[in-house]
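Protein chains in written order, with this note's numbering: chain A, -3 to 226; chain B, 216 to 283; chain C, 68 to 313; chain D, 9 to 209.
Rather than coming from a laboratory, the hints here were simulated on the basis of the structure. Careful, some of the hints might be misleading.
What the hints assert, rightly or not - Below, in silico cross-link-like pairs of lysine-lysine (DSBU-like), each with a Cα-Cα straight-line distance of 35 Å or less:
id, chain 1, residue 1, chain 2, residue 2
1, D, Lys63, C, Lys152
2, A, Lys14, D, Lys205
3, D, Lys63, B, Lys261
4, C, Lys79, D, Lys63
5, B, Lys265, C, Lys79
6, B, Lys275, D, Lys95
7, C, Lys154, B, Lys275
8, B, Lys268, D, Lys63
9, A, Lys14, D, Lys95
10, C, Lys79, B, Lys275
11, B, Lys265, C, Lys241
12, C, Lys241, B, Lys275
13, D, Lys95, A, Lys24
14, B, Lys259, C, Lys152
15, C, Lys154, B, Lys260
To be verified - From chain C, some residues computed to sit far from chain A (all C-beta separations above 12 Å):
id, residue
16, Glu83
17, Gly86
18, Pro90
19, Ala98
20, Leu109
21, Asp114
22, Val128
23, Pro139
24, Lys154
25, Val210
26, Cys226
27, Lys241
28, Pro267
29, Gly278
30, Glu298
31, Leu309
From the three backbone atoms N, C-alpha and C, an ideal C-beta is built for every residue, glycine too.
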Amino acid sequence: MTVGNSTPTSAAFLSTLKRDLLIAYRRKNDVVNPFMFFFIVVSLFPIAISPDADKLGEIAAGVLWIAALLAGMLSMDSLFRADYEDGSLEQLLLSPHPLYFMVLAKNISHWLVSGLPVVLVSPVLAYMLNLPAESYMTLFLTLLLGTPVLSLLGSIGVALTVGLGSRGLILAVITLPMNVPVLITGTLAVQQTLNGATLAFYLAILGAMLLASIALAPLASAAALRISVN
Amino acid sequence: MLNAIQFSSFSEFLNMGGYAFNVWSVYGLFTIFLGANLLVPMFKKKQILKDLKRRRVVNKNARPEINE
Amino acid sequence: MWLWFSKLGSPKWFYELSGRWLPWLVAAMFAFLFVGVVWALLFVPQDYQQGLTNRIFYVHVPVASISLAFFPLMAIAGTITLVWKMKLADIVVKTAAPLGAWFTAFALASGSIWGIDTWGTWWIWDGRLTSLLFQFFLLIGVVSLRSALEDSDAAAKACALLSIVGCINVVVIKYSVDWWNTLHQPGTDFVLSSNKANGPDIWVPLVLMIGAVYLFFAVSMIMSTRNEILERERRSQWVEELVDNL
Amino acid sequence: MLSAANLFCERDDRVLFQGLNFDIEEGQVLQIVGSNGSGKTTLMRILCGLNDGYKGMISWYGEEISEQIENFYQSLLYIGHRVGVNKVLTPIENLRWGCSLQAQLEDEQLMEALSTVGLRGFEESQCFTLSAGQQQRVSLAKLLVSPAKLWVLDEPFTTLDLRAVQHLENLVAAHADAGGAVMITTHHDLKITNLSKLDLG
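Taking the hints into account, I'd like the entire structure generated from these sequences.
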């Protein structure tokens, strides 16, 4: 028997993070699709509503937020799915490290792959939707703080439904209502800062939400995974 | 006590001061809401007991040696 | 204390005890309902602003306020399910979710019917209605998760967890929706009564109706819980004896 | 090292086993036999803590398992029906992650393990290009490098060819000789000394 040194949790965390990023790199569709989905959904709004710049500017922030939320949710499906099917999830549950950190690593990798590109491209789309220029920074920063919260919350729903053969829309029914507080804060930030409110206040609220969900959501996801693998 | 009634006639009562639709539809929905959540479990219980009874009889007939 | 607690978890014990209580609860419920409804419809003086639509409050307010209790109830029962694996707690989670959806749906319907004349429209994105709407969605989520998971043990734990998460979420949603609402359209929340000074004629029937709806809630929960117990325990000896004695 | 006392498990109103007692000691290979659906896999998952639908007590070196789950997982290697090999990763990447949860190993060790299980030349090709048997071998390579004392192997022979079966059997025997313990389900006749059997009927 070759006995190596036992792994510190930080190394297992990094190893899991690296593995998931590598898988995402290999499965480029998983990276490109949410991004394209976001782009396409946003582009449909001017067609469905009106190309009128004033009207678009008014709804731009909400449209971008909802599109980001939907893109994140649709890509959530791949978070635990493949691991559940090939048995890697069992190996993860049987690791001698707190499952909290393993789930957090997977969440972070998922957000880096599907959330961050959406956040980065949002100013471009905001320009196309004629969002007032002084709101670009607000939108960008709130999305930057808000989309990880959406990922973390969504991961609970994914973990609960990973064992289901045909899930249909149940994931959406479970997770979409949970996103209301983030959506409210994000869109209010854009509207209210235009009216002269301070951005720091909204960023503080989103930051608090992010910290709370980093602390709690992976715990719930971990518990949900144990239930689903049962 | 009867003179504390707010309506002088039955038709006035039905009319609800012009809000007949609002008031009576809410009370109608209330009745449906209560009725459904009381009657459905009641019928379900009857159904379950009937089902269990039938199964019990079938089991008894199928394996008489166990029950003797 | 511990003995009492584990006894409470025993389905057989609950079935027998609730069987004795149920007739009294049903009788009390109908008594409260009758007096409350008659009083509310016939005797309550009309509101000087809202006229006779104030009758709607006497059913809307009890149902809406009790509907807020469902997620906390389910979260507590869910915690008990996860920590102590108590069977009865899971049955409570299971039966509360659809009943909670009914309560919320009725509160939404009666609230929006009340609004037809006051707001001039069936629906406005009022703070209370909006957060009730999302509570409704979350309850439907719990119900559909239950029906999607076939394995009853996994379903029990999954729904327990979702109830706890949902409960936290409902509270956050409530506060954020209130905040959102005050920034967008201040002052449209409906108030119970603008002439509170009017005394017992206004609030006694309301208290009666709250009591009646609480009793209804208890009766309906107990009935569904008993059904669920019968189905889950159908192989146990006491249910077989009960069926034999029919 | 691992002992189960008075285990009871029922699934869908059917009792899989009750009053089940057994111990696994160092140097022992325990083969679990039983017909299809007798609960072999369920028993293994229960012992590993993947399934908690049981009553009874499972202890690890005399102490209840839930009290020292991290200790236990540090010494456990479980290979189930689904072997835990991701299809888009290469064997070496899979092995690197799988092992990294328990021990820090050098890449040379992992490469050596892969060539021992007959995957020389396949280290860098993505797993979906490999056959089922080859994917199984990736998971078996873990046996060579893992520090775990207890192996729990659920039907590890199903997709393996004759030579690989022989090789795995030798590995199991060697692990027991070195003071490890193995729990295994298979319908295959194992030619291993100090083999004991647990029949679930």
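So, going through the hints one by one against the coordinates:
no.: 1; hint: D:Lys63 x C:Lys152; verdict: holds (12 Å)
no.: 2; hint: A:Lys14 x D:Lys205; verdict: violated (41 Å)
no.: 3; hint: D:Lys63 x B:Lys261; verdict: holds (34 Å)
no.: 4; hint: C:Lys79 x D:Lys63; verdict: holds (20 Å)
no.: 5; hint: B:Lys265 x C:Lys79; verdict: holds (19 Å)
no.: 6; hint: B:Lys275 x D:Lys95; verdict: violated (54 Å)
no.: 7; hint: C:Lys154 x B:Lys275; verdict: holds (29 Å)
no.: 8; hint: B:Lys268 x D:Lys63; verdict: holds (31 Å)
no.: 9; hint: A:Lys14 x D:Lys95; verdict: holds (16 Å)
no.: 10; hint: C:Lys79 x B:Lys275; verdict: holds (23 Å)
no.: 11; hint: B:Lys265 x C:Lys241; verdict: violated (44 Å)
no.: 12; hint: C:Lys241 x B:Lys275; verdict: violated (55 Å)
no.: 13; hint: D:Lys95 x A:Lys24; verdict: holds (14 Å)
no.: 14; hint: B:Lys259 x C:Lys152; verdict: holds (26 Å)
no.: 15; hint: C:Lys154 x B:Lys260; verdict: holds (19 Å)
no.: 16; hint: Glu83; verdict: holds (32 Å)
no.: 17; hint: Gly86; verdict: holds (33 Å)
no.: 18; hint: Pro90; verdict: holds (39 Å)
no.: 19; hint: Ala98; verdict: holds (38 Å)
no.: 20; hint: Leu109; verdict: holds (40 Å)
no.: 21; hint: Asp114; verdict: holds (33 Å)
no.: 22; hint: Val128; verdict: holds (24 Å)
no.: 23; hint: Pro139; verdict: holds (17 Å)
no.: 24; hint: Lys154; verdict: holds (17 Å)
no.: 25; hint: Val210; verdict: violated (9 Å)
no.: 26; hint: Cys226; verdict: violated (9 Å)
no.: 27; hint: Lys241; verdict: violated (10 Å)
no.: 28; hint: Pro267; verdict: holds (40 Å)
no.: 29; hint: Gly278; verdict: holds (31 Å)
no.: 30; hint: Glu298; verdict: holds (22 Å)
no.: 31; hint: Leu309; verdict: holds (32 Å)
When the structure is compared with the earlier hints, violations turn up for hints 2, 6, 11, 12, 25, 26, 27 and for no others.
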